[in-house]
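> Given chain A, work out where chain B should sit, using these hints.
Protein chains: 2
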Amino acid sequence: MKIYDWHTGPYPARVRIALAEKNLQSRVRSVSVDLWKGEHKQSEHLARNYSGTLPVLELDDGTFLAECTAITEYLDALDGAPILTGTTALEKGMIHMMSKRAELELLDAISVYFHHATPGLGPEVELYQNAEWGLRQRDKAIKGMHYFDGVLRKQPFIAGDAFSMADITVIGGLIFASLVDLKVPAECDALLAWHARMQQRPSVQNWVAMSEPLQAAA
Amino acid sequence: MKIYDWHTGPYPARVRIALAEKNLQSRVRSVSVDLWKGEHKQSEHLARNYSGTLPVLELDDGTFLAECTAITEYLDALDGAPILTGTTALEKGMIHMMSKRAELELLDAISVYFHHATPGLGPEVELYQNAEWGLRQRDKAIKGMHYFDGVLRKQPFIAGDAFSMADITVIGGLIFASLVDLKVPAECDALLAWHARMQQRPSVQNWVAMSEPLQAAA
Numbered sequence: 001m002k003i004y005d006w007h008t009g010p011y012p013a014r015v016r017i018a019l020a021e022k023n024l025q026s027r028v029r030s031v032s033v034d035l036w037k038g039e040h041k042q043s044e045h046l047a048r049n050y051s052g053t054l055p056v057l058e059l060d061d062g063t064f065l066a067e068c069t070a071i072t073e074y075l076d077a078l079d080g081a082p083i084l085t086g087t088t089a090l091e092k093g094m095i096h097m098m099s100k101r102a103e104l105e106l107l108d109a110i111s112v113y114f115h116h117a118t119p120g121l122g123p124e125v126e127l128y129q130n131a132e133w134g135l136r137q138r139d140k141a142i143k144g145m146h147y148f149d150g151v152l153r154k155q156p157f158i159a160g161d162a163f164s165m166a167d168i169t170v171i172g173g174l175i176f177a178s179l180v181d182l183k184v185p186a187e188c189d190a191l192l193a194w195h196a197r198m199q200q201r202p203s204v205q206n207w208v209a210m211s212e213p214l215q216a217a218a
Numbered sequence: 001m002k003i004y005d006w007h008t009g010p011y012p013a014r015v016r017i018a019l020a021e022k023n024l025q026s027r028v029r030s031v032s033v034d035l036w037k038g039e040h041k042q043s044e045h046l047a048r049n050y051s052g053t054l055p056v057l058e059l060d061d062g063t064f065l066a067e068c069t070a071i072t073e074y075l076d077a078l079d080g081a082p083i084l085t086g087t088t089a090l091e092k093g094m095i096h097m098m099s100k101r102a103e104l105e106l107l108d109a110i111s112v113y114f115h116h117a118t119p120g121l122g123p124e125v126e127l128y129q130n131a132e133w134g135l136r137q138r139d140k141a142i143k144g145m146h147y148f149d150g151v152l153r154k155q156p157f158i159a160g161d162a163f164s165m166a167d168i169t170v171i172g173g174l175i176f177a178s179l180v181d182l183k184v185p186a187e188c189d190a191l192l193a194w195h196a197r198m199q200q201r202p203s204v205q206n207w208v209a210m211s212e213p214l215q216a217a218a
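In the order they appear, the protein sequences are chains A and B. Using my numbering, the first residue of the first sequence is number 1, and each one after it goes up by one. Using my numbering, the first residue of the second sequence is number 1, and each one after it goes up by one.
Next comes chain A alone, as it looks inside the complex:
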């Protein structure tokens, strides 16, 4: 399989972490799509993914799978032993709810902030910006950090008692927060403690090790 991604991208990080959790890295070759050159918005990539986002997984038969949740569902089901997306109805429901909530209230909000209220990927790529909308999304993300802090005061992981796709989505959110210098409020100590624990997971460590600060490639 091939994974079209970019080494510093927070969304690609979600799939890289999922691949590592599933021990599937050796089955996937990474192909860079340069975000800073806007390659993800060009026709070659749009043919892979109509929405023009990363990452995209290409299966050996040429099928393209986009969207982190969809790719994670696929990878997690490959061996018939899901560890990221749940096995019971309740686990599936909770994991999907919390992962979607982490997108809405944290990761996607920070992405909109980055692309709309900061220089983003630069004037060649950011052809339309709506700064007011972007700033509101930044505020939403900070509020989201407080929400997830509250969740983690009651349970060890984002969707309950076990690590899941929902934790990966929040990790993606905090990767993006760090890249745009959006600090987790100091009073969110449960979120900060969880984040420190997450950094101990080999899947997360490896991702951090291979990434670089978010800046234009030389």
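These are computed hints drawn from the structure, not numbers from a lab. Ideal Cβ positions, reconstructed from N, Cα and C, are used throughout, including at glycine. One thing to keep in mind: the hints can contain errors.
With a straight-line cut-off of 35 angstroms between C-alpha atoms, the simulated DSBU-like cross-links for lysine-lysine are [claimed, not checked]:
(1) B:K37 - A:K41
(2) A:K154 - B:K140
(3) B:K154 - A:K140
(4) B:K154 - A:K143
(5) A:K22 - A:K41
(6) B:K140 - A:K41
(7) B:K183 - A:K22
(8) B:K22 - A:K41
(9) A:K154 - B:K2
(10) B:K143 - A:K41
(11) A:K154 - A:K22
(12) A:K22 - B:K22
(13) B:K154 - A:K41
(14) B:K154 - A:K183
(15) A:K143 - B:K37
(16) A:K140 - B:K2
(17) B:K22 - A:K183
(18) B:K37 - A:K154
(19) A:K37 - A:K2
(20) A:K154 - A:K2
(21) A:K140 - A:K183
(22) A:K41 - A:K154
(23) B:K140 - A:K37
(24) B:K143 - B:K183
One side only, chain B facing chain A, incomplete, derived with CB under 7 angstroms [to be verified]:
(25) A66
(26) T69
(27) E73
(28) A89
(29) G93
(30) N130
(31) K154
(32) F157
Covered, in the sense of this in silico footprint (three residues per stretch, anywhere, with C-beta under 8 angstroms from a C-beta of chain A), are these stretches of chain B [unchecked claim]:
(33) 131-137
(34) 168-176
This is chain B only, laid out in the frame that chain A set:
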């Protein structure tokens, strides 16, 4: 179980259709949360769902499940015989990708258009509007209709050869489009033919029968 929803809401429609497809209607009691009074943004509902959206499923033990995709995953897994979310890895991946794409490119885009570039739910509920952003989302939704038309020229259902959650999400998108008077372009004949076929499904017929035009309750 209880489902907190509103009879004309396009997102609630997704779960009502899923309930009917799974033949689970008799196990769920519907509780109205009045969108036009902004009840979904009030503390009683925010305690059920941090994001303040409908629908929310309450399980018999008091657990709340929000987000249509998560609720559908839950309902579909209850009897161990999924018919909406796939059984193989590839089916799961494709269904989740296409359903998410239907949110991004159609349903959520129309929702943003409605709430930001039309009077939406009225001045008491729409406390912040960004019309420019809303109008861009309207344009994105029209483009999305062309995209899904192209998909349906090649295959009978949104995610492939079988009806799935992804079809329900596009149905939700077209319900919302109809409510805000956003016409499917006449040249999208594959999308229109698919939509006519979908109206023949009892799950969709029943929903349409119980809904009313999108307007303030008397």
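> Give a verdict on every hint.
Now the hints, each set against the structure:
1. B:K37 - A:K41: The given pair, whose Cα atoms are some 41 angstroms apart, is violated under the 35 angstroms limit.
2. A:K154 - B:K140: violated, 40 angstroms
3. B:K154 - A:K140: violated, 40 angstroms
4. B:K154 - A:K143: Roughly 43 angstroms separates the two Cα atoms, so the pair is violated.
5. A:K22 - A:K41: holds, 30 angstroms
6. B:K140 - A:K41: holds, 15 angstroms
7. B:K183 - A:K22: Given pair B:K183, A:K22 is violated - Cα atoms ~44 angstroms apart, limit 35 angstroms.
8. B:K22 - A:K41: Violated, because 39 angstroms separates the two Cα atoms, which is more than 35 angstroms.
9. A:K154 - B:K2: holds, 24 angstroms
10. B:K143 - A:K41: holds, 15 angstroms
11. A:K154 - A:K22: OK: A:K154 and A:K22 at ~27 angstroms, within 35 angstroms.
12. A:K22 - B:K22: holds, 31 angstroms
13. B:K154 - A:K41: Satisfied, since the Cα-Cα distance of roughly 24 angstroms is no more than 35 angstroms.
14. B:K154 - A:K183: Judged against 35 angstroms, a Cα distance of about 47 angstroms means the pair is violated.
15. A:K143 - B:K37: holds, 24 angstroms
16. A:K140 - B:K2: holds, 29 angstroms
17. B:K22 - A:K183: violated, 44 angstroms
18. B:K37 - A:K154: Roughly 32 angstroms separates the two Cα atoms, so the pair holds.
19. A:K37 - A:K2: holds, 21 angstroms
20. A:K154 - A:K2: The given pair, whose Cα atoms are some 39 angstroms apart, is violated under the 35 angstroms limit.
21. A:K140 - A:K183: With a Cα-Cα distance of about 13 angstroms, the restraint between A:K140 and A:K183 holds, given a limit of 35 angstroms.
22. A:K41 - A:K154: violated, 41 angstroms
23. B:K140 - A:K37: holds, 23 angstroms
24. B:K143 - B:K183: Status holds; Cα separation ~12 angstroms.
25. A66: holds, 6 angstroms
26. T69: holds, 5 angstroms
27. E73: The hint holds - B:E73 has a Cβ within 7 angstroms of chain A, the shortest such distance being about 4 angstroms.
28. A89: OK, holds: B:A89 within 7 angstroms of chain A, min 4 angstroms.
29. G93: Holds, because the Cβ-Cβ distance from B:G93 to chain A comes to roughly 3 angstroms (cut-off 7 angstroms).
30. N130: Hint holds; B:N130 Cβ to chain A Cβ min 5 angstroms, cut 7 angstroms.
31. K154: violated, 13 angstroms
32. F157: Cβ of B:F157 sits 16 angstroms from chain A, so the hint is violated.
33. 131-137: It holds, with 3 qualifying residues against the three required.
34. 168-176: violated (count 0)
Hints 1, 2, 3, 4, 7, 8, 14, 17, 20, 22, 31, 32 and 34 from the earlier list are contradicted by this structure; the remaining hints agree with it.
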